[in-house]
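Chains as they are written, first to last, in the numbering used here: chain A, 763 to 946; chain B, 1409 to 1658.
Because the hints were derived from the structure by calculation, they are not lab data.
There could be a bad hint or two in this list.
Lysine to aspartate or glutamate pairs mimicking DMTMM-like chemistry, simulated, CA-CA at most 25 Å apart [said to hold, decoys possible]: (1) A/K831 with B/D1436; (2) A/K793 with A/E913; (3) B/K1418 with A/E770; (4) B/K1412 with A/E807; (5) B/K1412 with A/E907; (6) A/K919 with A/E892; (7) B/K1622 with B/D1564; (8) A/K793 with B/D1575; (9) B/K1412 with A/E781; (10) B/K1622 with B/E1595; (11) B/K1418 with A/E807; (12) B/K1418 with A/E943.
Treat the numbers as computed from the prediction; the structure is a model and nothing was measured.
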Amino acid sequence: MKNKKSDEELAILSLKDKENFSQIVNRYASKIQRYIARVTGNWQESEDITQEVFFKAYVNIASFNPKLKFSSWLYRIAHNESVNYIKKNYRTRNVELNENINYDLSDDQKIFEKIDAKHNSKLVQKTLMELPPRDREIINLVFFEEKSYIEVSDILKMPINSIGPTISRAKNKLKILIKNESKT
Amino acid sequence: MNQKLEEKIKEQIKNEKPRSRWYFLTQDLSRDILLFILWIFLVIAVGFFTNILIDFQLNRLKVPGPGQFFTSFSFFPVELLIIITFLIVLIYYLFRNIGFLYRLSSWIIIVLIFCSVFLGYFVSEAIGANKTLINSTIGQQIYNRQGRLLIPGREDVVVGIIKSVSDDVAEVEDYSGKIWQVLIANETDRREFDSFAVGERIWVLGEKAGDKIKAQAVRSMRNQPRNGSMRGKRILQSPSYYQIYGNHLN
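If we strip away everything but chain A, and leave its shape as in the complex, we get (with noise of 0.2 Å):
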């Protein structure tokens, strides 16, 4: 049986082949979409951002570290793009569309129930939707995609220490609102 490629062997073969930079679409474009739909609360939107994802990843792949991992370095362009979504659409974002991602994130019932085993996933996903940006991305790359602390900071590109006591931050918060948002 043929040994499967790592990532970051796809990586650099890409630059010759581009059919192996297809296997990398076919391993992480829906869990790229799905990161992107958390990070911007819109999941009509998140398929366009992530084609750009994977374009900008596929044209600048000769600049990937192998030291790194791969999938740290696709994230950081996914973050990079959300940003550049939130950034651009700050003004219009309605939460409304957050109904859509619970649809199609209703698999990840599992990972919810990490955060708080009492609420249902709607709940957390509304909340999440109102806390910082910052926060809420952290909160996803940790508990929903399952980071590393060097995974999250190589994708966040901050300090490794200030990780802990961020998500620590994030997570008050969080229960804040779920608490308020019950009661209501």
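Let chain A serve as the given structure and place chain B on it in line with the hints.
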């Protein structure tokens, strides 16, 4: 739906080619060169700033009167401090984009920048680069622009008694008996100069050249003790003290 997305992505990159490795190598190299040039500028700026502060400290002790703080502050090189802060911020952001340095705490990065700049400063002091630069024509121009009234060279202060005075020049005799031509220009801080009279003891800060001093600031010492060591213990003297008793130094 995802299958559709994957197909769309593959379709989008079908006719695209990745940028070459050289493109990114050039980009990284340009960034590193920029960082190095900015670092050199920062070391030079810190060199100037340190020298100005040393002069500031030396001359500040000779600034007479209760307005010492304000006079000293008017010499403070604010522009240079802004430039240094700007360079540090710029270097900090460039630094964070090198390798995996972003993983480090911001404080460690700031400490690294400070250590590297001071190391650079001490090296340039040791090899005499700072001195050469400050004494060069362009160095003097930069040096003299900072602090507006600017700190002149070290010890460029004259304290003495007015022998004669006109609109733009005063003859002052210092304690060693040397006569100084104090040149007063438009840019001179001369807030008290117009009320000066012959026999008055004054303090002049400026650039010395031979027996002339181009004044940058002039102050009366009419309310100051003559003994520098008694600074702070104000002994009030009449403005006409020397006119009444004459110049006791002669």
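Okay, the hints, checked on the actual structure:
Among the hinted pairs, A/K831 with B/D1436 is consistent with the structure: their alpha-carbon atoms are about 20 Å apart, no more than 25 Å. For the hint pairing A/K793 with A/E913, the CA-to-CA distance comes to about 15 Å; that is within 25 Å, so the pair holds. Taking the CA atoms of B/K1418 and A/E770, the gap is about 19 Å. The hint holds against a cut of 25 Å. Proposed proximity of B/K1412 and A/E807 is supported: the alpha carbons are some 15 Å apart, at most 25 Å.
For the hint pairing B/K1412 with A/E907, the CA-to-CA distance comes to about 23 Å; that is within 25 Å, so the pair holds. A C-alpha spacing of about 23 Å is found between A/K919 and A/E892, which places the hinted pair at or below 25 Å, so the restraint holds. Pair hint B/K1622 plus B/D1564 holds up; C-alpha atoms about 10 Å apart against a cutoff of 25 Å. Restraint check for A/K793 and B/D1575: the C-alpha separation of about 81 Å exceeds 25 Å, so the hint is violated.
For a cut-off of 25 Å, the pair hint linking B/K1412 to A/E781 stands: about 17 Å separates their Cα positions. Among the hinted pairs, B/K1622 with B/E1595 is consistent with the structure: their alpha-carbon atoms are about 10 Å apart, no more than 25 Å. Taking the CA atoms of B/K1418 and A/E807, the gap is near 18 Å; set against the 25 Å cutoff, the hint holds. Taking the CA atoms of B/K1418 and A/E943, the gap is about 42 Å. The hint is violated against a cut of 25 Å.
Comparing the model with each numbered hint stated earlier shows that hints 8, 12 do not hold.
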